[in-house]
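Chains as they are written, first to last, in our numbering: chain A, 82 to 275; chain B, 82 to 275.
Hints were generated in silico from the structure; no laboratory data involved.
Be careful, since some hints might not be right.
Identical copies go unnamed one by one, so any copy, or any two together, can satisfy a pair.
[Said to hold, decoys possible] In the EDC-like style, the derived pairs of lysine to aspartate or glutamate whose C-alpha atoms are separated by at most 20 Å in a straight line are:
#: 1; residue 1: K193; residue 2: E92
#: 2; residue 1: K124; residue 2: D112
#: 3; residue 1: K83; residue 2: E114
#: 4; residue 1: K102; residue 2: E223
#: 5; residue 1: K162; residue 2: D112
#: 6; residue 1: K124; residue 2: E175
#: 7; residue 1: K193; residue 2: D112
#: 8; residue 1: K163; residue 2: D133
#: 9; residue 1: K179; residue 2: D129
#: 10; residue 1: K86; residue 2: E154
#: 11; residue 1: K193; residue 2: D133
#: 12; residue 1: K88; residue 2: E114
#: 13; residue 1: K163; residue 2: E87
#: 14; residue 1: K179; residue 2: D133
#: 15; residue 1: K86; residue 2: D133
#: 16; residue 1: K102; residue 2: E139
#: 17; residue 1: K163; residue 2: E122
#: 18; residue 1: K86; residue 2: D129
#: 19; residue 1: K193; residue 2: E122
#: 20; residue 1: K124; residue 2: E198
#: 21; residue 1: K179; residue 2: D131
Number of protein chains: 2
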Amino acid sequence: MKSLKEKIRLEGSVIGTEIVKVDSFLNHQIDVEFLEEIGMEFKKRFNDVDVDRILTVEASGIAIACLAAPYFEYPPVVFAKKAAPSTMNSGYYESEAKSFTKGTVSAFKLSKQYLHEGENVLILDDFLASGQASLALAEIVEQAGAKVAGIGAVIEKGYQGGSEILRNKGYRVESLAVINEVCDGKIYFDDNRG
Amino acid sequence: MKSLKEKIRLEGSVIGTEIVKVDSFLNHQIDVEFLEEIGMEFKKRFNDVDVDRILTVEASGIAIACLAAPYFEYPPVVFAKKAAPSTMNSGYYESEAKSFTKGTVSAFKLSKQYLHEGENVLILDDFLASGQASLALAEIVEQAGAKVAGIGAVIEKGYQGGSEILRNKGYRVESLAVINEVCDGKIYFDDNRG
Numbered sequence: 082m083k084s085l086k087e088k089i090r091l092e093g094s095v096i097g098t099e100i101v102k103v104d105s106f107l108n109h110q111i112d113v114e115f116l117e118e119i120g121m122e123f124k125k126r127f128n129d130v131d132v133d134r135i136l137t138v139e140a141s142g143i144a145i146a147c148l149a150a151p152y153f154e155y156p157p158v159v160f161a162k163k164a165a166p167s168t169m170n171s172g173y174y175e176s177e178a179k180s181f182t183k184g185t186v187s188a189f190k191l192s193k194q195y196l197h198e199g200e201n202v203l204i205l206d207d208f209l210a211s212g213q214a215s216l217a218l219a220e221i222v223e224q225a226g227a228k229v230a231g232i233g234a235v236i237e238k239g240y241q242g243g244s245e246i247l248r249n250k251g252y253r254v255e256s257l258a259v260i261n262e263v264c265d266g267k268i269y270f271d272d273n274r275g
Numbered sequence: 082m083k084s085l086k087e088k089i090r091l092e093g094s095v096i097g098t099e100i101v102k103v104d105s106f107l108n109h110q111i112d113v114e115f116l117e118e119i120g121m122e123f124k125k126r127f128n129d130v131d132v133d134r135i136l137t138v139e140a141s142g143i144a145i146a147c148l149a150a151p152y153f154e155y156p157p158v159v160f161a162k163k164a165a166p167s168t169m170n171s172g173y174y175e176s177e178a179k180s181f182t183k184g185t186v187s188a189f190k191l192s193k194q195y196l197h198e199g200e201n202v203l204i205l206d207d208f209l210a211s212g213q214a215s216l217a218l219a220e221i222v223e224q225a226g227a228k229v230a231g232i233g234a235v236i237e238k239g240y241q242g243g244s245e246i247l248r249n250k251g252y253r254v255e256s257l258a259v260i261n262e263v264c265d266g267k268i269y270f271d272d273n274r275g
């Protein structure tokens with residue numbers, strides 16, 4: 082997605098050799114008009130699959146999923162929680178994911194009320210890096226007896242190998258921008274993908 | 082907002098004597114089409130104020146702010162974080178809020194890059210209860226030398242007194258549904274407000 086790569090080049094910043102920070106439009110401040118374009122692009126990429134539900138994880142994923150939903154004719158959106166509030170008292174699905182950025186392991190939790198057997202579930206998230214978060218979401222889908230319709234990421238860090246792991250497990254992955262390398266503060270994209 | 086009160090009556094559940102749970106459309110599963118109506122209603126209520134930026138706090142607030150933004154002509158949305166990720170390395174504003182539901186104290190953090198002196202900031206959130214979260218957000222706005230244009234809540238728990246505290250501090254508060262009392266598992270609304 083050309084406009085996305087331009088925006089990452091213009092507004093993104095690099096921390097160390099692996100972290101790309103896009104807080105100006107995706108992870109802290111949110112450019113809603115631009116995320117609508119992102120949503121439209123996800124619809125183009127997944128136009129041939131049935132989507133009964135969009136699944137993401139708090140926090141940044143919520144904006145992406147909500148702004149994509151209108152283009153998929155408003156399926157319910159549900160987000161996994163990283164900490165169970167005291168009000169989550171009935172049964173839930175649970176899986177574990179390591180966050181590369183935060184250096185922590187999160188237990189993703191999703192109430193059994195909001196994901197059902199047989200549903201086609203599109204997983205959307207901001208970053209695809211090592212693939213751990215997507216795998217944890219896919220695991221929840223499978224615990225429910227539902228089907229992963231696809232996995233969409235706004236930005237893939239190709240050098241962390243996550244998309245290959247997901248594809249080897251049989252999941253369809255669409256990343257709107259794929260970063261091949263981060264070097265000397267510069268971001269290099271894979272121009273054949275994304 | 083009549084449709085909101087109906088939805089809370091139909092889908093909301095009561096835990097104990099104080100907690101109202103609306104996980105089916107607001108706090109876990111998200112009904113995006115309905116949140117667009119909510120966004121439109123916020124625009125009606127705050128039609129006479131200038132809004133340069135919408136401020137909320139993760140996680141549920143993100144959906145509300147993002148789906149309201151189009152009706153305010155796409156001002157930037159920014160959400161306070163409850164934990165600073167390792168990528169938040171430059172200066173930030175900080176304030177403290179107690180979460181009634183989770184029984185915890187959160188430190189809200191917001192990068193100084195995404196809130197500026199002189200801006201008119203609309204604060205939007207899911208619940209207004211004791212008012213602590215809104216106060217913490219308003220404090221951040223004032224730390225930045227910006228101005229609180231108004232505080233909008235989807236659901237106010239009137240019996241926890243937050244809106245009075247906020248109004249006494251001079252803030253304009255708009256709640257789309259005001260719950261007066263929760264008793265024997267039933268929800269009673271204030272039909273003169275909301």
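Each hint, compared with the structure:
{"no.": "1", "hint": "K193 x E92", "verdict": "between (39 Å within a copy, 16 Å between copies)"}
{"no.": "2", "hint": "K124 x D112", "verdict": "both (19 Å within a copy, 18 Å between copies)"}
{"no.": "3", "hint": "K83 x E114", "verdict": "within (16 Å within a copy, 29 Å between copies)"}
{"no.": "4", "hint": "K102 x E223", "verdict": "neither (31 Å within a copy, 26 Å between copies)"}
{"no.": "5", "hint": "K162 x D112", "verdict": "between (23 Å within a copy, 17 Å between copies)"}
{"no.": "6", "hint": "K124 x E175", "verdict": "neither (28 Å within a copy, 38 Å between copies)"}
{"no.": "7", "hint": "K193 x D112", "verdict": "between (32 Å within a copy, 17 Å between copies)"}
{"no.": "8", "hint": "K163 x D133", "verdict": "neither (23 Å within a copy, 31 Å between copies)"}
{"no.": "9", "hint": "K179 x D129", "verdict": "neither (31 Å within a copy, 46 Å between copies)"}
{"no.": "10", "hint": "K86 x E154", "verdict": "neither (27 Å within a copy, 24 Å between copies)"}
{"no.": "11", "hint": "K193 x D133", "verdict": "within (16 Å within a copy, 39 Å between copies)"}
{"no.": "12", "hint": "K88 x E114", "verdict": "within (13 Å within a copy, 28 Å between copies)"}
{"no.": "13", "hint": "K163 x E87", "verdict": "neither (32 Å within a copy, 30 Å between copies)"}
{"no.": "14", "hint": "K179 x D133", "verdict": "neither (27 Å within a copy, 36 Å between copies)"}
{"no.": "15", "hint": "K86 x D133", "verdict": "neither (29 Å within a copy, 26 Å between copies)"}
{"no.": "16", "hint": "K102 x E139", "verdict": "both (17 Å within a copy, 18 Å between copies)"}
{"no.": "17", "hint": "K163 x E122", "verdict": "neither (27 Å within a copy, 30 Å between copies)"}
{"no.": "18", "hint": "K86 x D129", "verdict": "neither (25 Å within a copy, 37 Å between copies)"}
{"no.": "19", "hint": "K193 x E122", "verdict": "neither (30 Å within a copy, 31 Å between copies)"}
{"no.": "20", "hint": "K124 x E198", "verdict": "neither (23 Å within a copy, 38 Å between copies)"}
{"no.": "21", "hint": "K179 x D131", "verdict": "neither (29 Å within a copy, 42 Å between copies)"}
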